[in-house]
Every structure is written in C-alpha cells, then in structure tokens.
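Undergrad: Under the UniProt record's numbering, read the sequence shown as residues 1 to 156, first letter to last.
In case anyone wonders, no lab produced these hints; they're calculated from the structure. Careful, some of the hints might be misleading.
What the hints assert, rightly or not - Label pairs and their in silico Cβ distance ranges:
#	residue 1	residue 2	range
1	V82	G125	23 to 33 Å
2	V123	S63	27 to 37 Å
3	Y91	R152	40 to 50 Å
4	Q103	S156	41 to 51 Å
5	M104	V141	15 to 25 Å
6	G132	R69	11 to 21 Å
As the list claims (entries may be wrong) - Using 16 Å as the maximum straight-line C-alpha spacing, the simulated EDC-like pairs for lysine to aspartate or glutamate come out as follows:
#	residue 1	residue 2
7	K126	D110
8	K80	E113
9	K61	D129
10	K80	D110
11	K126	E112
12	K85	D110
13	K102	E88
All C-beta atoms in this analysis are idealised placements derived from N, C-alpha and C, irrespective of residue type, glycine included.
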Amino acid sequence: MAAPIFLETQNGNFRHIHLRNNFNQTHQTGMRITDDGFFQITNRINGGTEARLDSGGNWTKASDRRMKRDIESVSGLLDKVVALKPVEYYYTSQDVSEQPAKQMGLIAQDVEEVLPQLVVDSVEGKYLDYLGLVPVLIGAVKELAAQVAELRDQRS
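Could you put the whole structure together from the sequences, leaning on the hints where they help?
TA: Shown next, in the form of structure tokens:
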C-alpha cells in the first residue's frame with residue numbers, strides 16, 4: 001500500500017500537507033503554514049517528540065512544561081562532558097554529507113557509552129542528537145561554576 005499524501009485542517013488554525021509511511025503514524029513528516037505566517041516542516045518518528053524546522057532554518061522541539069511529566073533535576077553532567085571525545089574527520093561518502101571539508105564532532109558510538117539517550121539507531125547507521133547536548137553542557141557549566149565558587153570561598 002502506498003504511503004498516503006493528504007491535506008488537512010486541524011482546529012481551523014493550520015493548513016497541513018502530511019506524508020506518512022504507514023497508517024499507524026509511526027513515521028510522520030509534514031509541512032504547514034500557520035495563520036500567522038510561519039512555515040514549518042515537522043518530523044515525528046516512532047511517537048517521539050515533534051521537531052520543527054522554521055523558515056529561518058532553526059530546528060525546535062517541544063519543550064513546554066505542560067507537555068512533560070516526571071521532571072527531575074540532573075547532576076553529574078560535568079563528568080559526562082569530560083568523557084566526551086571531540087574529533088575531526090572526513091565523511092567516507094558524499095551520500096552522508098555534501099561537505100567534503102574536514103568536520104568536527106563526536107562519534108555516536110562514543111557518545112552512546114556516556115549519554116545513550118542522545119543516540120538514535122537507523123538502518124544506515126547511528127545518528128547523534130547534537131541539540132540534546134545543550135542541556136548537558138549547561139548543566140556541566142553550572143557544576144563547574146559551583147566548584148569555582150567553592151574554591152573562592154575556601155580562599156576567602
């Protein structure tokens with residue numbers, strides 16, 4: 001059965017074009033223009049969080065407190081950041097990247113050992129949620145700032 005393409009109106013606010021791989025909505029990609037003029041490309045895989053690409057080239061994902069449950073503070077992030085191994089590399093195939101220049105980043109398998117929730121498996125290989133590193137880095141900076149403050153207090 002072919003993947004359906006359809007137009008829909010949701011709550012009268014948006015005009016959508018959805019592309020679905022199956023009728024269970026496990027993989028869903030769509031485009032929409034909101035009534036206030038925002039163009040968005042949406043991607044939702046396996047019931048995960050919806051991610052949006054706006055016309056300015058910015059990817060965003062749902063972050064409203066009302067969309068979350070079991071919210072907990074996280075600690076020990078400085079050690080996790082220190083365990084990450086930044087590398088430089090070239091992609092082995094033009095199919096992976098249109099940029100033949102040397103890249104800088106992380107290897108998904110290395111990150112998976114430290115922060116497995118940031119790695120996604122695919123038939124083609126492993127993918128890394130670089131945006132997911134932002135809260136980890138913020139937490140690590142806060143832990144480092146607390147250590148600096150403690151050292152200052154000890155010197156006083």
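Undergrad: Between K126 and D110, does the CA-CA distance stay at or below 16 Å?
TA: holds, 11 Å
Undergrad: Between K102 and E88, is the straight-line Cα distance small enough, at 16 Å or below?
TA: holds, 7 Å
Undergrad: Quick check on a hinted range of 27 to 37 Å for V123 and S63, using CB atoms only.
TA: holds, 29 Å
Undergrad: With 15 to 25 Å as the target window, see if M104 and V141 comply at their CB atoms.
TA: Holds: the Cβ-Cβ distance is about 20 Å, inside 15 to 25 Å.
Undergrad: Check the hint pairing K61 with D129 against an upper bound of 16 Å on the C-alpha distance.
TA: This hinted pair holds, its Cα atoms lying about 12 Å apart.
Undergrad: For the pair we were handed, K126 and E112, check the Cα-Cα distance against 16 Å.
TA: holds, 9 Å
Undergrad: Hint check: K85 vs D110, CA-CA at most 16 Å. Holds or violated?
TA: holds, 7 Å
Undergrad: Between Q103 and S156, does the beta-carbon spacing fit 41 to 51 Å?
TA: With Cβ atoms ~45 Å apart, the hint holds.
Undergrad: Looking only at beta-carbon atoms, does the pair V82, G125 fall within the given range of 23 to 33 Å?
TA: The hint (23 to 33 Å, Cβ to Cβ) holds, given that V82 and G125 are roughly 26 Å apart.
Undergrad: What's the verdict on K80 and E113, does the C-alpha distance respect the 16 Å limit or exceed it?
TA: holds, 10 Å
Undergrad: Given the hint of 11 to 21 Å, is the C-beta distance from G132 to R69 inside that range or not?
TA: holds, 18 Å
Undergrad: For the pair supplied as a hint, K80 and D110, is the alpha-carbon distance within the 16 Å limit?
TA: holds, 11 Å
Checked against the numbered hints given earlier, the structure satisfies every one of them.
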